[in-house]
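So you can see what is in the structure, the chains are spelled out below.
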Amino acid sequence: MSKAKSFRSRKVDAKRPLPVYRASEIPDLDEGLSAQRSVPLVETGVEKEEETEHHLQAAISASQTNNSVQPVYIPTPDASRIAPDYDVFYRAQFHRPHTYIRFSSTVEECGGVGYTMDDADKRWLDAWLASPDAEPPAPSDGATAVGANGARRSISPITLLDEDLFENIMDAFEDLSERQVGAENWPYEQVESAVKSLSLRPASQHPQVLAAMSDIPHAVKATFAHWQARRKAQPQGSMSIMPRLRTEERSQKETDPYVCFRRRELKPIRKTRRSDAQSFDKLRQLRAELHQACHLLELVDRREKMRRESLVLEQLCFDQKMTMRDLRKRLGYKDESDGLYHIKKKIKKADIRVTPGGSAKAHQRPLLGLPGQAGHGDELSLRVSAAMAMSSAHDEQFAKRIDEELQQRRVRDIGWRDITEDPFQPFAMPLGEQRFRAFNQRASHQYRRRVGRGGRVFLDRRALRQPMPAFSAPMVHGVHNKGDYSTDAADAVRRLAERMRYDCDGESSWPDPWAAAKFDEWSPGLLSYRAGLLTPADMQQARTRPWLAGQPRPPPRSLASVQEKLQHALTADITASLSPSGAAPLGAGLDEGSAVVAHAAPQTVTMETSPKHAAPTGHPADTSPAVGTPSKHAHFTPGPTLSPSPVSPMSHSPAVKAAPSPVTPKPPLPSPSAVVNANRNMGALMLTTGDALARSIPSAHAPSTPQAVHTSNPFDVVSSSLGGPLGKTPLMCNSPMLTGTPDSPALAAGSVLNSAMLGRKKRSIKLQSVPADAS
Amino acid sequence: MVVAGCKVFVRLSDEQKAVGEQEDRRAEVLSVRQSVMQPGQTECYVHYINFNKRLDEWVSADRLDLSRRVEFPRVRRSKQDAAAGGKAPTGKETERPSRSNKSSSRARTKGRADDDEQEHDARDGDQDTPMSEAAGGEGEDEGASKQSEIERLRHGGSMSQSGTEISRVRNINCIRMGRHDVDTWYFSPYPPEFTGLHLVHVCEFCLTPYGSEFQMQRHRQKCRLMHPPGNEIYRHEDLSFFEIDGRRQKTYCRNLCLLSKLFLDHKTLYYDVDPFLFYVMCQTDAHGAHILGYFSKEKDSAENYNLACILTLPQHQRKGYGRLLIAFSYELSKVEGKLGSPEKPLSDLGLLSYRAYWAEAIVERLIRFRGDVTIEEIANATAITPQDVMHTLQSIDALKYYKGQHIICLSNKVVDAYKRAEQKKRRRIHPELLDWKPPIFTSAQLRYV
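Line by line, the protein sequences are chains A and B. So this note's numbering is basically just the index in the first sequence, starting at one, shifted up by 2. So this note's numbering is basically just the index in the second sequence, starting at one, shifted up by 5.
Don't take every hint at face value.
As the list claims (entries may be wrong) - Label pairs and their computed distance ranges (CB to CB):
| id | chain 1 | residue 1 | chain 2 | residue 2 | range |
| --- | --- | --- | --- | --- | --- |
| 1 | B | Asp290 | A | Glu180 | 32 to 42 Å |
| 2 | A | Ile28 | B | Gln288 | 43 to 53 Å |
| 3 | A | Ala227 | B | Leu17 | 53 to 63 Å |
| 4 | A | Arg246 | B | Phe77 | 36 to 46 Å |
| 5 | B | Gln428 | A | Arg18 | 29 to 39 Å |
| 6 | A | Asp15 | B | Lys429 | 27 to 37 Å |
| 7 | A | Ala60 | B | Glu369 | 24 to 34 Å |
| 8 | A | Leu162 | B | Lys22 | 54 to 64 Å |
| 9 | B | Glu369 | A | Gln294 | 51 to 61 Å |
| 10 | A | Tyr88 | B | Gln43 | 30 to 40 Å |
| 11 | B | Pro436 | A | Val41 | 26 to 36 Å |
| 12 | B | Glu308 | A | Gly239 | 30 to 40 Å |
| 13 | A | Leu162 | B | Gln222 | 13 to 23 Å |
Claimed, not checked - Lysine-lysine pairs mimicking DSS-like chemistry, simulated, CA-CA at most 25 Å apart:
| id | chain 1 | residue 1 | chain 2 | residue 2 |
| --- | --- | --- | --- | --- |
| 14 | B | Lys324 | B | Lys424 |
| 15 | A | Lys17 | B | Lys339 |
| 16 | A | Lys50 | B | Lys58 |
| 17 | B | Lys12 | A | Lys50 |
To be verified - Output of the computed footprint for chain B on chain A, the stretches with three or more beta carbons under 8 Å from beta carbons of chain B:
| id | segment |
| --- | --- |
| 18 | 105 to 111 |
| 19 | 114 to 123 |
These are calculated hints, taken from the structure and not from any lab test. Since the model is a prediction, treat every value here as computed from it, not as a measurement. No residue lacks a Cβ here, since even glycine has one placed at the ideal position from N, Cα and C.
Working from the sequences, and respecting the hints, build out all of it.
Given below as structure tokens:
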């Protein structure tokens, strides 16, 4: 740097790429230039005054200049002497484990008694043991001592003060004096009682000290005297005989070089921009969450208001119905029901099991108006049509979509001949159902694996409804051909089925098809259920719903989405209940004076969710892919009293026609959650009063089947409003084919409606009429 | 008479002559006492000027060459004069300019302590001078610097301290540790009871000091420790590393610090060991895992130091263990994904060891490398901070100026040295054998840090 033309030394940028060479590669390197362009020296990090030390400089210059192989060492004091008697002190007994050592005990825990006797102690102990004082005291004393302690001692009697015991006792004294200042000046008796009352430092050794105090009190006393003497010989302020680190300043003089390991004081928290930003983010997040909570509460508030409104309306409805009943009575209308309760549904299973394939056809018919049925026309059907109108917009939307899809397919299929019955693709099986697998083709059960909370693994089992071969033929024959329930064969079938019902896992959970189910929708249980929020189980159930192929089917995440899906799922679609817009149909219904509609609002009925495995043997539908598919789907298990054969093959599907044997009431197995729900609601259903049941029975015989309103919708789901308590005509939905035999008493009497009911919650309810011959 | 503070020439001892020393050394007398070995004789504790303090020793009065110039301690100068004589601040202070006032005064005092203005009482030197007096004689104006020193220690995790902090006379002459008798180098605040003992016994495993052989024997009958009381995080052949938390293993870590203080000048034991993790390197045999050396590391280093103190025990020095310790500290830094540097100041031996390691690590990266490389890339590959990389490139004289830009040029000497080292069968750290995750401490656990 002393050269005139030297450059100002500059740092080399750490981010700047530097070429790497060997010295041999660049012989033209100008060392002088390099010296001129030298960069500022980085500090060595050694204290300045030490940097100049002779040996360090020698070593540095040696490493930089010479090429010698011998390194230059800085001389250090000697450490090469070998200590004698290593093996006396250290025993070769270490076995290293194969794994890395994990160890957390402290030195104290591994070091035995804290007090280690020194040479002075040893001298005293040897002298004392040699002296006559060490002799045990008179036997009389010893006897009392043993007698006093014989019971509680767990260690063998101590007869001798050995080195270990000496250390124990000394340690106890040291510990005591540490806790109680001035203990070294106490008389022995006080110290003894203090040692006995305290639990001193080496917890494991303390009993031994106590034992020694009773067994060889003279030795302990002598040790105490020795300890006292040693403590008094210590320099003033010394806390122990053993050398101890000075960790706290006793004087104000901070320069005492022997004081070390002081406690640190609290470190002030550094305020940085980063920590500020972090807390700011936290605050912002908190604010957002509070807003969200506020919003939720507002929504709840709105919902509750609407609920109150709807209750008022329900009440109004009820009053209206009562009025209507009175009017009817006064006008001489003969009615089988007082209209306060929903009583019966009679719908044939076969009708419902119409494959989704049929839906396309069904769609080509007008959804509304039901012109074919107009002829049967009583007011009720019209009323129901009005109710249907409520959902028509939605249905039309769906119909439109399906039509669009079909249109697309037709375009795709140009050049191909469609030989299938119906080109419309059925709905997919719900996801949960798809998981069931059988071990083999003939297995009677299917299984699926499910992972529950906490990683528990469940195996779900469900029975396959395989028909009983021995009985299937007569069964079909008996019912189908004769149409007479009372035939022996049919009776046998029935009895068998009755018995088998309890032999099968799946069946037992299925509601009894013969049982009459009525319910009081004003019962506290139902009301409270209806008033509650959707539970996760409800949400889960809501997942199983129809969807269009190619349409994404996200699991319902929010109430809104559930609501929307449910709307799709409903056929009657009087879905006022969940949505604020539900008020509209409700009001509309009232305007029309339609009690049915009004009452449908709080508890729209949807059909039981279940896979359709119950198809009887030989039913071609079994082979059809459509069979397994319905999801939110009503199954109407035809009762044994079902209509004669001409009635039964009401299906528009030829497949069903071919083997229209919906005779055996083999209800489909509900999905687990559905069953739960169904059972849950059974209690409420069974609350139905006996007189309502009684009233329902005659109605089954009455030729009033027109109350069955037939509709078909994209889903082939027949959903019915159960009507209000006053709705004396339970709204019946059925396949159009049923209309062929509307007056069949049998049909009216025996039908099973398994429906999932949707109020504010979605529920499964089974409604079932009593078989005609039951009365 | 010679008193503490005098600067005299000391004639060479026979051993020093045998080693090849020729010149008498100038030394500062730090303490004077009656000889233990030869009653009636006086001994002086001398510090050889320009030699490391570890060579300080007791010499009999007759080795002092009083015929040559003897410099007596002057009476204390005024404060301003002292300031004028102060030295440039050390690296530490330049890094912390915020503490300007106090730290500069500290630097001044430190400088002064090494100069000859040390205050002392002019007592006759022929009586026993308590050792602490020799060191603790600094006057009241030490107060300010003292406080700044303590303040620094309190908030920083530093284990190092300036020279004024340390008693300047060794208190323990020799320790017996396991198989080895080791002469000590510096003062260490072992309990004063050990001062003046001929030999202090240190248990090889729990590192507890004992004043007598009998006590050691008693202790060895009770001590069940056969390896450092922590988790083994690395094992290769007979070498192991144990990780020990200063908070959990207080006694062991204190013992370790006391022991290492015997061999580390710039180490302070002013505050407790809580904020440090200790990584102890051991060699295992049938007796147990014998400590070879260790390094400590702050749990939470504000200045990104990856190492606070490092020591290879003298009985195991010059065998390459220091390099292993350093390499291990950088392996830990690599796991942490950080660049690290040792806490300053370095000792002379520390500087040489680090330079050797850095040079090797960097040359290893560069020796087969062609093309351009930035210092940052070298740093990221080796976990050595860019500053240390730069330092090393300078120390191996590899930074040249060629064709208008700076280049890295490995001289033949460097390449040869690397190849020689490569051929030697030396131990190295195998990162794959390291079973370690950076320990995470809550702020509550670091409260006293």
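* **Outcome for the supplied range 24 to 34 Å, where the beta carbon pair is Ala60(A) and Glu369(B)** => holds (27 Å)
* Mind checking the hinted window 32 to 42 Å against the Cβ distance between Asp290(B) and Glu180(A)? => For Glu180(A) against Asp290(B), whose Cβ atoms are near 38 Å apart, the range 32 to 42 Å holds.
* Asked: Can the suggested window of 30 to 40 Å be confirmed for the beta-carbon pair Glu308(B) and Gly239(A)?
  -> holds (39 Å)
* Return holds or violated for the Cβ distance of Ile28(A) and Gln288(B) against the range 43 to 53 Å. => holds (45 Å)
* **C-beta pair Tyr88(A), Gln43(B): status relative to the range 30 to 40 Å that was hinted** => holds (32 Å)
* Between Leu162(A) and Lys22(B), does the C-beta distance stay in 54 to 64 Å? -> holds (58 Å)
* Between Glu369(B) and Gln294(A), does the beta-carbon spacing fit 51 to 61 Å? -> holds (57 Å)
* State, for the Cβ atoms of Leu162(A) and Gln222(B), whether the hinted interval 13 to 23 Å holds or is violated. => The hinted range 13 to 23 Å holds for Leu162(A) and Gln222(B), with Cβ atoms some 20 Å apart.
* **Status of the given 53 to 63 Å range, CB of Leu17(B) versus CB of Ala227(A)** => Because 55 Å falls inside the window, the suggested range holds.
* How does the Cβ-Cβ distance of Pro436(B) and Val41(A) compare with 26 to 36 Å: does it lie in that range? -> Hint holds: Cβ distance 32 Å, inside 26 to 36 Å.
* Asked: Taking only the CA atoms, is the gap from Lys324(B) to Lys424(B) under or equal to 25 Å?
  -> holds (18 Å)
* To do: Note whether the CB distance of Asp15(A) and Lys429(B) lies within 27 to 37 Å or breaks it.
  => holds (36 Å)
Every hint from the earlier list agrees with this structure, and none is contradicted.
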